[in-house]
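K.L.:
Residues in the sequence shown are numbered from 2 upward in steps of one, following this note's numbering.
Each hint should be verified, as a subset may be incorrect.
Unchecked claim - In silico EDC-like cross-links for lysine to aspartate or glutamate, where the CA-CA straight-line distance does not exceed 20 Å:
# : residue 1 : residue 2
1 : K27       : E11
2 : K27       : E9
3 : K27       : E38
4 : K27       : D55
What the hints assert, rightly or not - Cβ-Cβ distance ranges computed for the label pairs, FRET-style:
# : residue 1 : residue 2 : range
5 : R29       : I50       : 23 to 31 Å
6 : R54       : P20       : 38 to 46 Å
7 : R24       : V52       : 18 to 26 Å
If you're looking for bench data, these hints aren't it; they were derived computationally from the structure.
None of the values given here were measured: they were computed from a predicted structure.
Idealized CB from N, CA, C, for every residue including glycine.
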Amino acid sequence: MQAEGITEAELARRTGIAPATIRGWKTRVTPRLMDMEAALNAVGHELIIGVRRDLKPSVNNIVQLRLVRGDK
Numbered sequence: 002m003q004a005e006g007i008t009e010a011e012l013a014r015r016t017g018i019a020p021a022t023i024r025g026w027k028t029r030v031t032p033r034l035m036d037m038e039a040a041l042n043a044v045g046h047e048l049i050i051g052v053r054r055d056l057k058p059s060v061n062n063i064v065q066l067r068l069v070r071g072d073k
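Input sequences plus hints: build the corresponding full structure.
P.N.:
Listed below in structure tokens is the structure:
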């Protein structure tokens with residue numbers, strides 16, 4: 002959030018996610034995928050999920066998460 006110049010309160014306002022939930026992401030809670038997508042969209046990013054075909058399948062690398070700037 003600091004890199005994007007947005008406060009927790011502003012992110013909460015833009016996404017409809019409770020401020021306490023956003024604060025929890027920093028220390029103890031893994032965000033739900035739909036909440037992460039909403040937060041990324043609010044600061045101009047897009048969440049793209051795809052299969053990595055160049056890696057041997059394993060639990061750790063089946064899904065690749067990639068962030069894409071919205072202004073590309």
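K.L.:
Confirm or reject each hint.
P.N.:
Comparing the hints with the structure gives:
no. : hint                  : result
1   : K27 - E11             : holds, 16 Å
2   : K27 - E9              : holds, 11 Å
3   : K27 - E38             : holds, 16 Å
4   : K27 - D55             : violated, 32 Å
5   : R29 - I50: 23 to 31 Å : holds, 24 Å
6   : R54 - P20: 38 to 46 Å : holds, 39 Å
7   : R24 - V52: 18 to 26 Å : violated, 33 Å
Checked against the numbered hints listed earlier, the structure breaks hints 4, 7; every other hint is satisfied.
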